[in-house]
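Asks: Construct the entire structure; sequences and hints are all you get.
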Amino acid sequence: MSPVPLLALPGAPSLAAVGLGPYLVVGAALFSAGLVTVLARRNAVAILIGIELMLNAANLNLVAFDRFGPGLVRGQVFALFVLVIAAAEAAVALAIVLNVFDSRDRVDVDQVRSLKG
Amino acid sequence: MDLGPLLPAVLLTLGILGVIVTDLLGRGRRPAVPVTLALAALAAAAVAALGIPTGDGLVLGVLRADAFGVVFAVFCCGVGFVSILATLRGEALRTPGGEFLTLVLSAVLGMVMLAMSADLVMLYLAFELVSIPSYVLVGMRRADPRANEASLKYVLFGAVSSGAMLYGLSWIVGLCGTTSLDGLGAALANGAASEPAFVVASVLVFAGFAFKISAVPFHFWAPDVYAGAPAAVAGFLAVASKAAGFAGLVRVVAATLPSVPALGDPLGGLLPEGGPLIRAMAVGALLTMTFGNLGALRQREIKRLLAWSSIAHAGYLLLALCVWSPDAMAALVLYLVAYLFMNLAAFLIAGIVIRELGTGDLAALGGLGRRHPGLGLALAVVLFSLTGLPPFFGFVAKYSVFYAVLAKGYVWLAVIGLVNGVISLYYYARVLSFLYLAEPAEERTLRLGWPDRGLLAALVLPVVVFGVAFWGDLLEWARRVGPAVFGGG
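In the order they appear, the protein sequences are chains A and B. Reading the first sequence from the start, the letters are residues 425 to 541 in our numbering. Reading the second sequence from the start, the letters are residues 8 to 496 in our numbering.
Please note that the accuracy of each hint is not assured.
Which bits of chain A does chain B cover? Going by a derived footprint, with three or more residues having C-beta under 8 Å, they are [stated by the list, open to error]:
{"id": "1", "region": "457-470"}
{"id": "2", "region": "475-489"}
{"id": "3", "region": "504-511"}
{"id": "4", "region": "514-528"}
If we take Cβ atoms under 7 Å as the criterion, some of the chain A residues that face chain B in the derived model are [stated by the list, open to error]:
{"id": "5", "residue": "A453"}
{"id": "6", "residue": "G493"}
{"id": "7", "residue": "R498"}
{"id": "8", "residue": "G499"}
Ranges between beta-carbon positions, derived for each pair [said to hold, decoys possible]:
{"id": "9", "chain 1": "B", "residue 1": "A193", "chain 2": "A", "residue 2": "F505", "range": "18 to 28 Å"}
{"id": "10", "chain 1": "B", "residue 1": "G381", "chain 2": "A", "residue 2": "A514", "range": "23 to 33 Å"}
{"id": "11", "chain 1": "B", "residue 1": "V290", "chain 2": "A", "residue 2": "A453", "range": "48 to 58 Å"}
{"id": "12", "chain 1": "A", "residue 1": "V469", "chain 2": "B", "residue 2": "R451", "range": "14 to 24 Å"}
{"id": "13", "chain 1": "B", "residue 1": "Y406", "chain 2": "A", "residue 2": "V508", "range": "42 to 52 Å"}
{"id": "14", "chain 1": "A", "residue 1": "G443", "chain 2": "B", "residue 2": "G11", "range": "25 to 35 Å"}
Source of the hints: derived by calculation from the structure; they are not laboratory data. Beta carbons are placed, not taken as given, at the ideal position from N, Cα and C, and that holds for glycine.
Replies: This is the structure in structure tokens:
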């Protein structure tokens with residue numbers, strides 16, 4: 425099956441011509457950006473955004489591998505499941521962040537330190 | 008297509024729906040109805056799991072209902088059952104609402120699925136179905152800032168580790184071209200394992216599992232989370248969540264290990280032979296038990312102490328896993344069963360003490376053993392059993408793990424494990440010294456109801472009974488999982 429370009433800009437290479445490599449590079453960049461965000465930012469909401477970047481890097485990988493691989497659609501189904509899980513996780517995490525915010529009016533993880541390993 | 012093996016999952020799902028509906032209809036006026044329903048659903052699921060005709064076939068292509076999966080399904084249902092009962096008698100001494108029951112049932116459902124999963128998509132979904140309700144369960148007491156912080160910490164660390172795990176899974180799925188664990192093994196045998204990306208991806212996936220079972224270096228969340236959570240929830244996480252993590256880990260290792268090429272022996276026989284995976288697990292086991300036991304030494308609060316102790320126990324369980332023989336797998340199951348009774352009893356006592364005294368400080372336990380001989384004796388039995396002293400269940404479990412380790416000739420691993428046992432004796436005995444030797448800061452008598460005593464007896468008696476007798480039968484039963492994991496059954 426030959427991939428059909430969804431967006432055909434004049435003079436731009438088709439999605440298929442780009443090949444698998446660039447998608448994986450973009451995925452790795454997204455994942456790294458997410459990881460750096462998680463490690464560097466102190467605000468709980470910013471950390472959650474970093475986690476979303478990590479999950480979407482995985483999604484991009486799954487879909488790209490599936491498109492250029494054996495084409496069993498399993499990767500795309502996996503990505504759909506991940507979208508739902510990510511939504512559920514974000515909902516729960518934001519509810520917890522709100523709860524913490526209610527009790528101390530800020531959500532910087534540095535301030536959350538009455539518990540120590 | 009035979010859907011019989013799905014019956015436990017169906018019963019749990021019906022239980023979840025039933026709890027939501029009865030909770031809404033009763034509007035909180037009859038809290039006993041959803042509780043009874045949830046307990047009934049867990050018991051029915053356990054019975055249904057025992058009745059599953061075990062075979063090697065796949066259900067719906069993503070689940071494998073073999074003896075291994077059944078054992079863990081029954082195990083997790085049992086822990087859920089006890090945890091709900093313990094919550095009734097826990098810190099707040101209140102009947103849990105429908106939301107609590109729904110979350111526990113959902114997490115148990117995820118655990119059952121995780122133990123039976125034969126597909127990476129199923130594995131990831133089940134993994135998250137265990138995690139997401141757990142985040143909320145930790146923060147159930149919304150007015151308590153410590154509970155809020157604990158659940159914030161848990162959800163952030165948990166989501167990061169599962170995100171990293173998913174990214175690793177996406178590479179593995181891509182490189183192997185399949186999501187089924189069987190197909191994964193076949194693809195690895197064809198050389199997919201030699202890709203450098205595969206190594207990085209495997210590290211990420213195992214980091215996710217290490218977080219779930221609280222293995223070093225992904226253990227730091229456990230003390231804070233257990234200290235902030237209600238004791239019954241902490242017990243649920245320490246036992247069921249950890250056991251489910253191990254079950255998933257066994258599934259992944261069983262699928263990939265035979266196909267990963269073995270390395271040479273650069274360390275001169277200090278570590279088990281076999282692939283990098285086995286080596287990593289052996290090092291992880293040693294670090295986890297050592298850090299867990301050393302961390303427990305300086306704790307002054309009972310839930311925090313139990314959290315560090317549960318990290319150390321994850322190390323012993325990993326030790327059984329890295330030996331990777333049918334005997335060691337039976338020892339792993341036996342250890343988990345012993346761990347269930349010991350740890351749930353310990354967390355139940357912690358919950359009762361915190362309920363009555365308002366604090367879990369060890370100093371507050373002063374003289375409790377003399378005023379409450381029954382409670383003191385129960386705690387003493389549990390702590391000696393956790394140390395691994397005879398004649399208690401913990402000894403039998405540790406003995407079978409070390410026997411499997413020595414049978415494979417890993418003397419060093421067993422020696423370090425035994426040294427760790429000695430370290431743990433110090434901090435467990437310190438709790439007892441508070442209990443019996445220290446003078447109380449203020450004379451306070453605990454009000455122990457008969458449900459407290461009954462539940463405690465039901466958890467502590469097996470620790471004694473299986474330590475003295477019947478453990479041979481239990482080991483025979485645990486041996487059933489060997490063929491399911493290693494083939495030939």
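Asks: Does each hint fit the structure? Answer for all of them.
Replies: Tested hints:
1. 457-470: The restraint on the region 457-470 of chain A holds, since 4 of its residues have a Cβ under 8 Å from chain B and three suffice.
2. 475-489: holds (count 10)
3. 504-511: holds (count 3)
4. 514-528: holds (count 9)
5. A453: violated (12 Å)
6. G493: The hint holds - G493 (chain A) has a Cβ within 7 Å of chain B, the shortest such distance being about 5 Å.
7. R498: holds (5 Å)
8. G499: G499 (chain A) check passes; min Cβ-Cβ to chain B is 6 Å, inside 7 Å.
9. B:A193 x A:F505: 18 to 28 Å: With a Cβ separation near 23 Å, A193 (chain B) and F505 (chain A) satisfy 18 to 28 Å, so the hint holds.
10. B:G381 x A:A514: 23 to 33 Å: For G381 (chain B) and A514 (chain A) the Cβ distance comes to about 47 Å; the hint is violated.
11. B:V290 x A:A453: 48 to 58 Å: The hinted range 48 to 58 Å is violated for V290 (chain B) and A453 (chain A), with Cβ atoms some 31 Å apart.
12. A:V469 x B:R451: 14 to 24 Å: violated (43 Å)
13. B:Y406 x A:V508: 42 to 52 Å: holds (45 Å)
14. A:G443 x B:G11: 25 to 35 Å: Check failed, 46 Å falls outside 25 to 35 Å.
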